[in-house]
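Engineer: Taking the hints into account, I'd like the entire structure generated from these sequences.
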Amino acid sequence: EDQVTQSPEALRLQEGESSSLNCSYTVSGLRGLFWYRQDPGKGPEFLFTLYSAGEEKEKERLKATLTKKESFLHITAPKPEDSATYLCAVQAGFQKLVFGTGTRLLVSP
Amino acid sequence: DAGVIQSPRHEVTEMGQEVTLRCKPISGHNSLFWYRQTMMRGLELLIYFNNNVPIDDSGMPEDRFSAKMPNASFSTLKIQPSEPRDSAVYFCATARQGGNTEAFFGQGTRLTVV
Chain A
880 EDQVTQSPEA LRLQEGESSS LNCSYTVSGL RGLFWYRQDP GKGPEFLFTL YSAGEEKEKE
940 RLKATLTKKE SFLHITAPKP EDSATYLCAV QAGFQKLVFG TGTRLLVSP
Chain B
119 DAGVIQSPRH EVTEMGQEVT LRCKPISGHN SLFWYRQTMM RGLELLIYFN NNVPIDDSGM
179 PEDRFSAKMP NASFSTLKIQ PSEPRDSAVY FCATARQGGN TEAFFGQGTR LTVV
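Quick note, the sequences are listed as chains A and B, same order. Going by the numbering used here, the letters in the first sequence line up with residues 880 to 988, in that order. Going by the numbering used here, the letters in the second sequence line up with residues 119 to 232, in that order.
Mixed in with the good hints there might be a few duds.
To be verified - Restraint-style ranges between C-beta atoms, simulated for each label pair:
#, chain 1, residue 1, chain 2, residue 2, range
1, A, Glu888, B, Gly121, 27 to 33 Å
2, A, Ser898, B, Lys186, 43 to 49 Å
3, B, Glu201, A, Glu888, 24 to 30 Å
4, A, Glu924, B, Gly134, 34 to 40 Å
As the list claims (entries may be wrong) - In silico DSSO-like links for lysine-lysine, alpha-carbon gap of 27 Å or less:
#, chain 1, residue 1, chain 2, residue 2
5, B, Lys186, A, Lys975
6, A, Lys975, A, Lys947
7, B, Lys196, A, Lys921
8, B, Lys142, A, Lys921
9, B, Lys186, A, Lys921
10, A, Lys975, B, Lys196
11, A, Lys975, B, Lys142
12, A, Lys938, A, Lys975
13, A, Lys942, A, Lys921
14, A, Lys947, A, Lys936
15, A, Lys975, A, Lys936
16, A, Lys921, A, Lys958
Don't read these hints as lab results, they were simulated from the structure. Because the structure is a prediction, the values reported are computed rather than measured. Note that CB positions come from ideal geometry on N, CA and C, so glycine has one too.
Structural biologist: Laid out in structure tokens, this is it:
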């Protein structure tokens with residue numbers, strides 16, 4: 880069964896304090912790993928897609944990396960506006976996404 | 119583009135009533151997904167359509183749930199009869215056809231069944 884596990888469940892950082900979020904997965908034939916950001920009361924917003932081990936993608940203070948078993952979302956010098964829930968998902972089968980339960984990030988000024 | 123449009127944004131109904139959630143996909147997106155989000159189980163895929171045809175409905179919890187996509191511009195998710203355990207946020211998401219493409223989510227419908 881395809882599974883995604885995210886850790887930690889919640890993370891509290893001071894502004895400027897860099898850290899990483901983890902996404903471990905088991906899937907039969909990875910077609911893509913996706914990172915989304917979700918703000919309260921809104922739908923998930925797409926951030927990155929990674930397709931193969933060793934791949935990295937960056938967007939502002941965020942960098943996503945991928946290995947054969949896990950993905951990391953690195954947050955460098957975060958700001959309060961980076962506070963959100965970050966969701967990881969794997970593509971299992973044709974366009975079918977399996978999501979983790981997310982990491983709630985709170986960045987304090 | 120206005121993005122994926124869902125209605126209503128909030129729905130409060132009594133147990134046993136029929137509930138219909140609506141979704142207008144992004145123009146040109148051929149794949150449509152219905153998800154349910156709860157604190158306990160996170161985002162769960164209920165059903166997805168490709169070119170208006172249901173491809174995988176294995177996530178639909180029981181026969182009380184049904185979904186239709188009569189054309190490329192509209193989809194509905196119906197719960198009849200509704201139960202308190204159906205309370206959740208329901209999201210519609212759409213994607214371009216073609217495999218590894220990202221899905222774009224609507225704002226969701228928060229359903230409360232009392």
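Engineer: Are the hints correct? Go through all of them and say.
Structural biologist: Structure-based check of all given hints:
Look at Glu888 (chain A) against Gly121 (chain B): about 29 Å separates their beta carbons, and that is inside 27 to 33 Å. Look at Ser898 (chain A) against Lys186 (chain B): about 44 Å separates their beta carbons, and that is inside 43 to 49 Å. A C-beta distance of roughly 28 Å is found between Glu201 (chain B) and Glu888 (chain A), which places it inside the suggested range of 24 to 30 Å. In this structure the supplied range 34 to 40 Å holds for Glu924 (chain A) paired with Gly134 (chain B), their Cβ-Cβ distance being about 36 Å.
The hinted pair formed by Lys186 (chain B) and Lys975 (chain A) meets the criterion: a straight-line CA distance of about 18 Å does not exceed 27 Å. For the given pair, Lys975 (chain A) sits about 19 Å from Lys947 (chain A) by alpha-carbon distance, which is consistent with the 27 Å threshold. Proposed proximity of Lys196 (chain B) and Lys921 (chain A) is supported: the alpha carbons are some 21 Å apart, at most 27 Å. Straight-line distance between C-alpha atoms of Lys142 (chain B) and Lys921 (chain A) comes to about 16 Å, which keeps the hinted pair within the 27 Å bound.
With a CA separation close to 24 Å, the supplied pair Lys186 (chain B) and Lys921 (chain A) stays within the 27 Å bound. For the hint linking Lys975 (chain A) to Lys196 (chain B), the alpha-carbon distance of about 21 Å falls within 27 Å, and the restraint holds. Proximity of Lys975 (chain A) to Lys142 (chain B) is assessed by CA-CA distance (about 20 Å); at most 27 Å being required, the pair is judged to hold. Simply put, Lys938 (chain A) and Lys975 (chain A) have alpha-carbon atoms about 25 Å apart, close enough for the 27 Å limit, and the pair holds.
Restraint check for Lys942 (chain A) and Lys921 (chain A): the C-alpha separation of about 23 Å stays at or below 27 Å, so the hint holds. At roughly 16 Å between alpha-carbon atoms, Lys947 (chain A) and Lys936 (chain A) fall within 27 Å of each other, so this suggested pair holds. For the given pair, Lys975 (chain A) sits about 22 Å from Lys936 (chain A) by alpha-carbon distance, which is consistent with the 27 Å threshold. Taking the CA atoms of Lys921 (chain A) and Lys958 (chain A), the gap is near 20 Å; set against the 27 Å cutoff, the hint holds.
The structure is consistent with each of the numbered hints, conforming to all of them.
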